[in-house]
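S.K.: The residues making up each chain are set out below.
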Amino acid sequence: MEKIIAGATVQVNDEGYLTDHHQWNREIANEIAEEEGIELTERHFEVITFIQDQYAAEVPLTIRKIGKSGIVDIKEFYQLFPNGPLKKASRIAGIPKPVSCI
Amino acid sequence: MKQLLILGAGSAGTMLLNHLSKTINAKEWQITIIDQSKLHYYQPGFLFLPFDIYSEKDVIKEGNKFIPPGCKLIQAKIEKIFPGEQTVKLEDGQEIRYDILVIATGSQIAPQEVEGMLGESWQKNIFDFYTFEGAVNLRNFLRKWNGGKMVVHITEMPIKCPVAPLEFAFLADWYFTRKGIRNKVDITYVTPLSGAFTKPIASKKLGYLLSEKSIKIVPDFAIERVDTVNKKIISYDDIQVPYDLLVTVPTNMGDEAIARSGIGDDLNFVPTNKHTLQSKTYDNIFVVGDATDIPTSKAGSVAHFEAEIVVKNILSYMKNQPLRESFDGHANCFVETGFNKAMLIDFNYDHQPTDGVFPIKGIGPLPLLKESRLPHWGKHAFKWIYWNMLLKGRKVPFISPNMSKDGKNLEEN
Ligand SMILES: Cc1cc2nc3c(=O)[nH]c(=O)nc-3n(C[C@H](O)[C@H](O)[C@H](O)COP(=O)(O)OP(=O)(O)OC[C@H]3O[C@@H](n4cnc5c(N)ncnc54)[C@H](O)[C@@H]3O)c2cc1C
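In order, the protein sequence lines correspond to chains A and B.
The opening position of the first sequence corresponds to residue 1 in the numbering used here, with each subsequent residue numbered one higher.
The opening position of the second sequence corresponds to residue 1001 in the numbering used here, with each subsequent residue numbered one higher.
Please note that a few of the clues may not be correct.
EDC-like cross-link-like pairs, simulated, lysine to aspartate or glutamate; straight-line CA separation at most 20 Å [what the hints assert, rightly or not]:
hint, chain 1, residue 1, chain 2, residue 2
1, A, Lys-97, B, Glu-1256
2, A, Lys-75, B, Glu-1156
3, B, Lys-1199, B, Glu-1113
4, A, Lys-88, B, Glu-1156
5, A, Lys-88, A, Glu-35
6, A, Lys-3, A, Asp-20
7, A, Lys-97, A, Asp-20
8, A, Lys-87, A, Glu-15
9, B, Lys-1149, B, Glu-1091
10, A, Lys-87, B, Glu-1212
11, A, Lys-65, B, Glu-1256
12, A, Lys-65, B, Asp-1266
13, A, Lys-75, B, Asp-1238
14, B, Lys-1274, A, Glu-36
15, B, Lys-1204, A, Glu-15
16, A, Lys-3, A, Glu-42
17, A, Lys-65, A, Glu-76
18, A, Lys-68, B, Glu-1212
Here are the computed distance ranges between Cβ atoms for each label pair [to be verified]:
hint, chain 1, residue 1, chain 2, residue 2, range
19, A, Glu-42, B, Glu-1120, 40 to 50 Å
20, B, Arg-1225, A, Ile-71, 45 to 55 Å
21, B, Gln-1321, A, Gln-11, 57 to 67 Å
22, B, Gln-1075, A, Pro-82, 45 to 55 Å
Just so you know, these hints were derived from the structure itself, not from any lab.
In this text, a Cβ means the ideal position worked out from N, Cα and C, and glycines have one as well.
Starting from the given sequences, assemble the full structure and let the hints guide the process.
M.R.: As structure tokens, then:
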């Protein structure tokens, strides 16, 4: 479905994840973050960039991988994106919700 | 003679060995299998050991019983694989050359991955049931336990047999009820997932069963450490769950030999083509069972389906033909729910578990995603089928390696 975020018309799914990550920009990230109750800092954007790079490289994301990224440890990741950090950070980064493993 | 070498004589390796020995040209190919263990364990039985439903003899047999004539078994620890040289080095330094390699070294628990887990409380009031030793120690503990807070916990995904911890919680509820101390035991199910299971429809059904049995659930829990002094598990966002008895499924990882060989991912699982089961990096290496990184359950049923598929691809590869057989991620699990009941789930890469009947449309006889008595007997019959049919590579009637869509009310993932 269509949604207007930060003045831009973007495509989102029913959980509010962008369906085309090319439509993402920093303003959109700020507004989604606000919906999630998070105010983004440069630190957040470092993590977001890492997540987007992983997505582009088709590496499935896990909390473990983020902890080993050298960008943040898991503790800080939870502080930056409280309650379900992987899901929240992915939504803010404009990439699909990570599928949990089976 | 050309050499086909299988690493690991667990479920996947042994099944594949038996399939191959029936189909391969024995004049051209010598098959060798290597395992560190003299014994073969029926791991699904570990679930029943702690509750005195199975005993040691149900779950252990001598491994060499399942090696077909003409095949060679080496009992040794594998040190390292050298894909460039096409050799495998054993712990004693011996090197074995191969033309085709199959990796079937499975996955193991790694309690050292969580701070505090492997301390002085390990196997005292913190247990696993994913190893034979853990399951037996837990049984001995439970025989004398008078109750308190029991926490059933999953550290992180993926784990083998992802329904086993749920089954454990259900069986614990039944066990304490039978012992007449259910009112003295508080059972909490702590999981890194957002619900009882990984797939939404099954998760709902299983979550409902948890609440029916008065088992509390703490979802979205990513463990940071175990505080053994104050007997609490603590998550990264500081949620604390107290325990008297912690039954945990530690991080599951592929074998160290995979890491030493530099051919695994961050959990030592080997990147594998999810349809052909060929290594993504080396054409003459195939990977089966829990050792792969493919996105389906790590389960004996999956190993069985994969073995039937990969044997054909290996034969094609030997003849320089394209690999035609394609695996769909089919998994089939009996979920024990206690009180002589169970629920059967059947799914693959694209379709999540739903209701319907199995294996024959309109007839069943097994209902899907519904608690009843028949699947429970199915689960116990499975032990016989495992030892007598699956390991020996005998086909189970009506059950196909790729998932049948007949008789199911399908839902995509
Ligand atoms: C508690 C529990 C309950 C389960 N319940 C079910 C169930 O109900 N249904 C189901 O389908 N599945 C179930 N499973 C999962 C099933 O047991 C596994 O998925 C299956 O055994 C995988 O087979 P595998 O051959 O890949 O690994 P394994 O059977 O674990 O075999 C790996 C083998 O490799 C050997 N090995 C590893 N590294 C080395 C080395 N360096 N040198 C020498 N040898 C080595 C090991 O000794 C072992 O024999 C359960 C598992 C557990 C733990």
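S.K.: If a hint holds in the structure, say so; if it doesn't, say that too.
M.R.: Hints, one by one, checked against the model:
With a CA separation close to 31 Å, the supplied pair A:Lys-97 and B:Glu-1256 exceeds the 20 Å bound. For the hint pairing A:Lys-75 with B:Glu-1156, the CA-to-CA distance comes to about 15 Å; that is within 20 Å, so the pair holds. Taking the CA atoms of B:Lys-1199 and B:Glu-1113, the gap is near 26 Å; set against the 20 Å cutoff, the hint is violated. Between A:Lys-88 and B:Glu-1156 the CA atoms are separated by roughly 18 Å; this keeps the pair inside 20 Å, and the hint holds.
For the given pair, A:Lys-88 sits about 10 Å from A:Glu-35 by alpha-carbon distance, which is consistent with the 20 Å threshold. A distance of roughly 12 Å separates the Cα atoms of A:Lys-3 and A:Asp-20; the hinted pair therefore holds under the 20 Å criterion. For the hint linking A:Lys-97 to A:Asp-20, the alpha-carbon distance of about 12 Å falls within 20 Å, and the restraint holds. Taking the CA atoms of A:Lys-87 and A:Glu-15, the gap is near 11 Å; set against the 20 Å cutoff, the hint holds.
Among the hinted pairs, B:Lys-1149 with B:Glu-1091 is inconsistent with the structure: their alpha-carbon atoms are about 43 Å apart, more than 20 Å. The suggested pairing of A:Lys-87 with B:Glu-1212 is violated, with an alpha-carbon distance near 29 Å, which exceeds 20 Å. At most 20 Å may separate the alpha-carbon atoms for a hinted pair to count; A:Lys-65 and B:Glu-1256 meet this at roughly 18 Å. Between A:Lys-65 and B:Asp-1266 the alpha-carbon distance is near 8 Å, which keeps this suggested pair within the 20 Å criterion.
For a cut-off of 20 Å, the pair hint linking A:Lys-75 to B:Asp-1238 stands: about 10 Å separates their Cα positions. Between B:Lys-1274 and A:Glu-36 the CA atoms are separated by roughly 35 Å; this puts the pair beyond 20 Å, and the hint is violated. For the proposed pair B:Lys-1204 and A:Glu-15, the alpha carbon gap of about 18 Å is at most 20 Å, so the pair holds. Distance restraint check for A:Lys-3 and A:Glu-42: the Cα-Cα separation of roughly 26 Å exceeds the 20 Å cut-off, and the hinted pair is therefore not satisfied.
A distance of roughly 14 Å separates the Cα atoms of A:Lys-65 and A:Glu-76; the hinted pair therefore holds under the 20 Å criterion. With a CA separation close to 39 Å, the supplied pair A:Lys-68 and B:Glu-1212 exceeds the 20 Å bound. The hint said 40 to 50 Å for the Cβ distance between A:Glu-42 and B:Glu-1120, and at roughly 43 Å that hint holds. Hint check: B:Arg-1225 to A:Ile-71, Cβ distance near 22 Å, so the stated range 45 to 55 Å is violated.
In this structure, B:Gln-1321 and A:Gln-11 break the distance hint of 57 to 67 Å, their C-beta atoms being roughly 43 Å apart. Against the hinted window of 45 to 55 Å, the Cβ-Cβ separation of B:Gln-1075 and A:Pro-82 comes to about 51 Å, which satisfies the hint.
Hint check: violations occur at hints 1, 3, 9, 10, 14, 16, 18, 20, 21; the rest are consistent with the structure.
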